[in-house]
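Asks: So the chains spell out like this:
Number of protein chains: 4
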Amino acid sequence: MSTKLRAAIIGSTGYGGVELIRLLLMHPNVAITSVISSSSAGAPIADGYPHLNQILTDKLDAVDVDLIREKADVVFLATPHGVATELAPKLYDAGLKVIDISGDFRLKSGEVYEAWYKHKPADAAYVEKAVYGLAEVFGEEVKGASFISNPGCYPTATLLGLAPLAASGWIDLKSIIADAKSGVSGAGRGLSLLVHYAEINENFLAYKVNKHQHTPEIEQVLGRLAGEDVVMTFTTHLVPMTRGILSTIYVNLKETRSEDDIRELYRSYYEGRPFVRIRDKGKYPATKEVWGSNYCDIGMSLDPRTGRLTIISVIDNVVKGAAGQAVQNLNLMMGWDEATGLAFTPVYP
Amino acid sequence: MSTKLRAAIIGSTGYGGVELIRLLLMHPNVAITSVISSSSAGAPIADGYPHLNQILTDKLDAVDVDLIREKADVVFLATPHGVATELAPKLYDAGLKVIDISGDFRLKSGEVYEAWYKHKPADAAYVEKAVYGLAEVFGEEVKGASFISNPGCYPTATLLGLAPLAASGWIDLKSIIADAKSGVSGAGRGLSLLVHYAEINENFLAYKVNKHQHTPEIEQVLGRLAGEDVVMTFTTHLVPMTRGILSTIYVNLKETRSEDDIRELYRSYYEGRPFVRIRDKGKYPATKEVWGSNYCDIGMSLDPRTGRLTIISVIDNVVKGAAGQAVQNLNLMMGWDEATGLAFTPVYP
Amino acid sequence: MSTKLRAAIIGSTGYGGVELIRLLLMHPNVAITSVISSSSAGAPIADGYPHLNQILTDKLDAVDVDLIREKADVVFLATPHGVATELAPKLYDAGLKVIDISGDFRLKSGEVYEAWYKHKPADAAYVEKAVYGLAEVFGEEVKGASFISNPGCYPTATLLGLAPLAASGWIDLKSIIADAKSGVSGAGRGLSLLVHYAEINENFLAYKVNKHQHTPEIEQVLGRLAGEDVVMTFTTHLVPMTRGILSTIYVNLKETRSEDDIRELYRSYYEGRPFVRIRDKGKYPATKEVWGSNYCDIGMSLDPRTGRLTIISVIDNVVKGAAGQAVQNLNLMMGWDEATGLAFTPVYP
Amino acid sequence: MSTKLRAAIIGSTGYGGVELIRLLLMHPNVAITSVISSSSAGAPIADGYPHLNQILTDKLDAVDVDLIREKADVVFLATPHGVATELAPKLYDAGLKVIDISGDFRLKSGEVYEAWYKHKPADAAYVEKAVYGLAEVFGEEVKGASFISNPGCYPTATLLGLAPLAASGWIDLKSIIADAKSGVSGAGRGLSLLVHYAEINENFLAYKVNKHQHTPEIEQVLGRLAGEDVVMTFTTHLVPMTRGILSTIYVNLKETRSEDDIRELYRSYYEGRPFVRIRDKGKYPATKEVWGSNYCDIGMSLDPRTGRLTIISVIDNVVKGAAGQAVQNLNLMMGWDEATGLAFTPVYP
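Protein chains in written order, with our numbering: chain A, 1 to 349; chain B, 350 to 698; chain C, 699 to 1047; chain D, 1048 to 1396.
Check each hint, because a few of them may be wrong.
When the alpha-carbon atoms are kept at most 25 Å apart in a straight line, the in silico SDA-like pairs for lysine to any residue are as follows [said to hold, decoys possible]:
#: 1; chain 1: C; residue 1: Lys981; chain 2: B; residue 2: Ala688
#: 2; chain 1: A; residue 1: Lys283; chain 2: B; residue 2: Lys467
#: 3; chain 1: A; residue 1: Lys283; chain 2: D; residue 2: Lys1301
#: 4; chain 1: A; residue 1: Lys281; chain 2: B; residue 2: Glu608
#: 5; chain 1: A; residue 1: Lys283; chain 2: B; residue 2: Trp465
#: 6; chain 1: A; residue 1: Lys71; chain 2: A; residue 2: Ser38
#: 7; chain 1: A; residue 1: Lys174; chain 2: B; residue 2: Arg573
#: 8; chain 1: A; residue 1: Lys208; chain 2: B; residue 2: Asp610
#: 9; chain 1: A; residue 1: Lys4; chain 2: D; residue 2: Ser1086
#: 10; chain 1: A; residue 1: Lys118; chain 2: B; residue 2: Asp610
#: 11; chain 1: B; residue 1: Lys557; chain 2: A; residue 2: Gly307
#: 12; chain 1: A; residue 1: Lys254; chain 2: B; residue 2: Ile381
#: 13; chain 1: B; residue 1: Lys560; chain 2: A; residue 2: Ser38
#: 14; chain 1: D; residue 1: Lys1301; chain 2: C; residue 2: Asn908
Simulated from the structure, these hints should not be mistaken for lab results.
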């Protein structure tokens, strides 16, 4: 145990935190040494999550930077927006490796952050230090970094579905529309009528139309890949299921390309990356096919009638869209194989 | 009872047929006089649908045009594609009022029908006679008609969400994308792995991407309303729920219009029609809000950043998308108030 | 309209209240004249329940006995336990017909009420006046009554499944076990982690084992029917669905009876009652077969190996288990046919 | 790889088979060397299960005893009832270790098998050889065995919930009732109307009342533990969810025991066994708390009013009720730690 990397998890009682626990318990190189919750400190974590009975018998620690520094080498922040703003810099300055799963350090512009999140932005100096951990796109930057801002769930599915094309110059950047659908766990464990069972079961709806805070995150990355500003349409919907995101992405091609060429572009872009799987022609992924795993599966169809390309990208929002990608980033930071502790099969059915 | 209109339902053992039974049993002016099934003739309908025990004790009749003519004044065809092709003309020629819920008489071009449905098209002379029963758009044509082709479920949601704009000349007709999501009942009662519970529960997927046979139906109507040919992108997804369709529609405006102007256009277009409800600014409908009812609820958002309009349109696919609209069309055909027998509240939750 | 009975609903913003609205809107003899909510008075009811847009445009009234007396002839209380305790007597004394859907007037013993509900019991004089409205069992008492205590959802399913046997003397009263399962709407619209979507979806659990407050209600009625005290085992479970209760009931027979004899006993007991349907030998009802309707369907199997009888009884908890039975009781109180406004078919699928 | 145990899976395209694949891929001591399907031989397994893309690229082998003997050391049969009857003896005689997940070798009496399964029973000589692999109860017999008959899903949940008491002599053996509820995956991947999504979603029902073939399996084991014949009531229900079984078990005590005594009996019986977790007083397990894992969680409540004990036992039917327990049995057969490859956390939420 002494040779394992010691990990602390702030926000252990949220869904992102508890999934980090599941994944890190399977990780051969990591030991969980502190599970932290500001709201339930002192109670055994299994009190609120009985599935952890006899598996993780620890009591929850309070948030205490000195204690974390003493107990851990790396700290994950799986906290609501606005908490890491203050906390992550302190942890970073204390010499800890920091992986922030919240949105607080993703947007390089404080102004944009404030406009979409309605929170005060983090200190720009720390925002600058934070590496955006979209592992298959910016993995080289993640290697050796000490402070990672983990991508949002919708951006992960949408950006992995768009990155090869955004970098290729083949598409009309003004034409991008992403119609995204998410399972209910994305809304977290906090109670709200929106995700009250009797309201969302046997129901499907759009929410935050043209207002979702993940919009500028996707635009920022697309802009970086394309080398020019991108403004896009992004819509989010809630699906009556617990896990899974599917993003249906529409783009117009600037010039004629065959579907085969585009598929080849994707396969080449993601070559050697274990967690992106490109479907063959005529095959489209379902969210269940990545359920519980770190995969992102992508299919596509070019319509000769319209010249428009439709891309389908799916992830498990709690794994690849949060805790799994965080562990993947940890692997890259530490110089380990990126699939360490993550090479498990989706749970089907 | 003798003064009631006598109705026969062919395909009574499918979901569309059994919903027609539910609705017609509540209709003050109609009596169900024959429930018909080619596969289960002779058996009581309640054997296969125990919820009808002591409510409808009839045995299923075989398909027999003479018998139908004798027993009924109006006949509904709730049959798989390809059945009405042969049967509807015979029923029509026998002097019955005919309402076909299948896709067999919707497309005016036999060539287009064959390309998308992979079936031989119906006799063009009868296709010509069939009035497309999108009640809020072509209601005037339905009045007094004897042969109705009832719209598809996806087209109903999508077209009601687009009709005012398609007729207005305000939008770029090349820009139309409809990203539609349906509950599983749309796939019918026929067994298939796609809708096997353990496969589609806790799952979300796209299917028939760029291949769905409802595409030309939507394009045909949009073209008729716009006065020029329309080609659009249409994507269908399966939601792990039984009933409901939500269509998220994206269009670019040709010139600057305010969201208020557009909402006013919709309210004006649907004025006096009881089953279309336009949501106020910032409000978007959920499928559950029309569950079990004949309503189509529509919300919209104009994004000033992109100039693109997003429209959200929801229906219950089994009611407004099939049996309910068929009854609404019957009401119009007969000169009754169009809400007769349909003025019930959605079931919530 | 002036000839219709005027109805007020207290607790209109709960699931029981909103279902009463749905049902009364379909009732030919009743007009809803006041929808009342202590928490949301002044707001249009459709703000919180958009499915009511353009259907019920009323604003919510505050709880005001004088106003109710002025506006209504009958008042329904669809309130949490403990509210009707004080309110129902005042409404009754004001000359209103009162139908209380809560548990406050069901238990004849204040001591028992307090032990199970952990609330102060209602005034014994009013408890005495309240007629227990299990319509198929005590319908004669309901006729002409002015104050009805509407049965609980679990008791309705369980008691209708047991009443003929309890009254027959055929069973060992010490042997009764009811293993009941309910959809999530039974927990109401109040937020709680138990019915948070991501917690209860894809989950099944038992709760309040040996502690559920409906236990003494069932025992009280069984005791009354049997003519001696009954103590039974009653277990409640939560099913990941919105509506429906299924109660699996086990009893030992005191002497040998054939399954046919027992089925005949049930059919005879419920003869002429439109809402109880007894299944044939080898057939068992599913909750979906009564979904959205006022039916209670019952099946049974006598095991020759053990001599034990298993009874399966299903209802829609929101209809027959609450609002529907309340309307049925109103019909009986008013001397109308008990199915008035309730003769609609279950929604399937 | 050469030092790993080589495993073949017959019936790889069923849910039990595909779950074995998931689990064995995580097992440090086992390599999957042949995935076998009589119906799909020659096709890549990922064609029918796209979640296995790039994870298991093998083509399906046909059923061929010689080939299996060549490629594998142990063979799992995850086949429908009636297949292993003929096949398992041949595999055993060929010198393979055999783990049969079907019901074909569970019942020691061929007559009882035929009465409940309506199939011809297996050769009694081989039935005799087959060790019943309820790991926490008969683990000592499993160690070193070569032919395991893996328990059924319902029996696993029910027997683990009853074994300590059955062996104790404390209960009235005539009083046992198990009211069991299962997710839909238990019905397998074969299409049927019962598990067609639109039929079983938002539905709950009992099936095979007093007829389920797992009844004699439970009785056989209880009888063996108790030292006398046991006849019990066993009811099965279908829950609208994919995975999970909850068995609610009722027994009468023969003499007065405290709930604490009984809980202590259970804790002592399962001491040192990693996969059975006994809940504290007043706590009851939910199926989601063992989802995707090999745990069986048990809670209990003794009702002082009736003297009856209620036991709640939950498992994941696909893991502990099938593939997981099969791997656990393999571990025991091989002399490995029984949790090898199975020590993962339930997936929550």
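Asks: Each hint needs a verdict: does it hold in this structure or not?
Replies: Now the hints, each set against the structure:
1. C/Lys981 x B/Ala688: 38 Å, violated
2. A/Lys283 x B/Lys467: 20 Å, holds
3. A/Lys283 x D/Lys1301: Between A/Lys283 and D/Lys1301 the Cα gap is close to 61 Å, so the pair fails against 25 Å, i.e. violated.
4. A/Lys281 x B/Glu608: 39 Å, violated
5. A/Lys283 x B/Trp465: 19 Å, holds
6. A/Lys71 x A/Ser38: 17 Å, holds
7. A/Lys174 x B/Arg573: 29 Å, violated
8. A/Lys208 x B/Asp610: 21 Å, holds
9. A/Lys4 x D/Ser1086: Judged against 25 Å, a Cα distance of about 47 Å means the pair is violated.
10. A/Lys118 x B/Asp610: Violated, at roughly 29 Å.
11. B/Lys557 x A/Gly307: The given pair, whose Cα atoms are some 17 Å apart, holds under the 25 Å limit.
12. A/Lys254 x B/Ile381: 57 Å, violated
13. B/Lys560 x A/Ser38: The hint is violated at about 52 Å.
14. D/Lys1301 x C/Asn908: Satisfied, since the Cα-Cα distance of roughly 20 Å is no more than 25 Å.
The structure is inconsistent with the numbered hints 1, 3, 4, 7, 9, 10, 12 and 13, although it conforms to all the rest.
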